[in-house]
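There are 2 protein chains.
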Amino acid sequence: MTKNLEISTLLDYYGMLLTDKQRETVEYYYNDDLSLGEIAENTGISRQGVRDSIKRSEAILFEAEEKLGLIKKSAVLKSGLAEIRRNIDIIDEKNMKIYRSNAVNESIKVILKELEKLDEII
Amino acid sequence: MTKNLEISTLLDYYGMLLTDKQRETVEYYYNDDLSLGEIAENTGISRQGVRDSIKRSEAILFEAEEKLGLIKKSAVLKSGLAEIRRNIDIIDEKNMKIYRSNAVNESIKVILKELEKLDEII
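The listed protein sequences derive, respectively, from chains A and B.
Positions in the first sequence are counted from 1; adding 80 to them yields the numbering used here.
Positions in the second sequence are counted from 1; adding 80 to them yields the numbering used here.
The hints are simulated quantities; they were obtained by calculation from the structure and are not laboratory data.
Fair warning: this is a prediction, and the values are worked out from it, not measured in the lab.
Just so it is clear, CB atoms sit at the ideal spot from N, CA and C, and this is done for glycine as well.
A portion of the hints provided could be inaccurate.
Think about it this way: if two alpha-carbon atoms lie no more than 20 angstroms apart in a straight line, the pair counts; the simulated PhoX-like pairs of lysine-lysine are [what the hints assert, rightly or not]:
| # | chain 1 | residue 1 | chain 2 | residue 2 |
| --- | --- | --- | --- | --- |
| 1 | A | K101 | A | K135 |
| 2 | B | K177 | A | K158 |
| 3 | B | K147 | A | K153 |
| 4 | B | K153 | A | K197 |
| 5 | B | K174 | A | K189 |
| 6 | B | K101 | A | K153 |
| 7 | A | K197 | A | K158 |
| 8 | B | K177 | A | K197 |
| 9 | B | K177 | B | K189 |
| 10 | B | K153 | A | K153 |
| 11 | A | K177 | B | K147 |
| 12 | B | K197 | B | K158 |
| 13 | B | K197 | A | K153 |
| 14 | B | K135 | B | K147 |
| 15 | A | K189 | A | K177 |
| 16 | B | K193 | A | K158 |
| 17 | A | K197 | B | K152 |
| 18 | B | K197 | A | K197 |
| 19 | B | K189 | A | K174 |
| 20 | B | K189 | B | K174 |
| 21 | A | K158 | A | K135 |
| 22 | B | K147 | A | K101 |
| 23 | A | K153 | A | K197 |
| 24 | B | K158 | A | K152 |
| 25 | B | K193 | A | K177 |
| 26 | A | K189 | B | K189 |
| 27 | A | K193 | B | K177 |
| 28 | B | K174 | A | K158 |
| 29 | B | K158 | A | K153 |
| 30 | A | K152 | B | K197 |
| 31 | A | K189 | A | K174 |
| 32 | B | K152 | B | K101 |
| 33 | A | K147 | A | K135 |
| 34 | B | K153 | A | K158 |
| 35 | A | K174 | B | K177 |
| 36 | B | K153 | B | K197 |
| 37 | B | K158 | B | K193 |
To spell it out: a stretch of chain A is covered by chain B in this simulated footprint if at least three of its residues, at any positions, have a beta carbon under 8 angstroms from a beta carbon of chain B; those stretches are [unchecked claim]:
| # | stretch |
| --- | --- |
| 38 | 147-161 |
| 39 | 165-174 |
| 40 | 180-193 |
Modelling step: build the complete structure from the supplied sequences, incorporating the hints.
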């Protein structure tokens, strides 16, 4: 994982903890790949001010993950849901090929829909 | 939900965002039900200092939920996992009573174990 990707992920999870101005400078820098000079021009902050804002924002983002661990937690949740999904597929195949139960089929459908919904919010 | 329960839940999710001193005063007040005077005595902070610390902590906790929404998200995850669980139970009953497939049984076991693991971390 490159530094850029890492900060982008941190922004996804903790961007709301930054002030609008902080978020703006970090997004310009990491998501839009602008230079400090370009960001200074866009925001009307000095080049040094932009650099300070980005450093401060990075510190807030890393500290948030250290304290709340949402990214780590999300990875565990994702892998758990994937494992459930794999096993539902096994049951689904058995049911389609051998048992052909409508009740089982209905339950599998509900579970797959739930898994999709959960995958979206974690 | 009483105020106490709400703060206790916020503490579970965002307690790490408080300083040690802030967390101590809030836990004494909401989890241990001590009076401001008792907390002042235990911590060596003035009664007014304890009151300020609790007010400030409450603000941090409510703001964190407003910004990150982990408690709301967790409720959605819990209800999704419960729905999956209900449907796994339906499949399990069908399988035990009618199909008696070992492969399906194995997959159900794995899924139930994963559900339990996920329930613990959300």
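Could you check the structure against the hints above and give me the numbers of any it violates, in ascending order? 2, 6, 8, 11, 21, 25, 27, 28, 32
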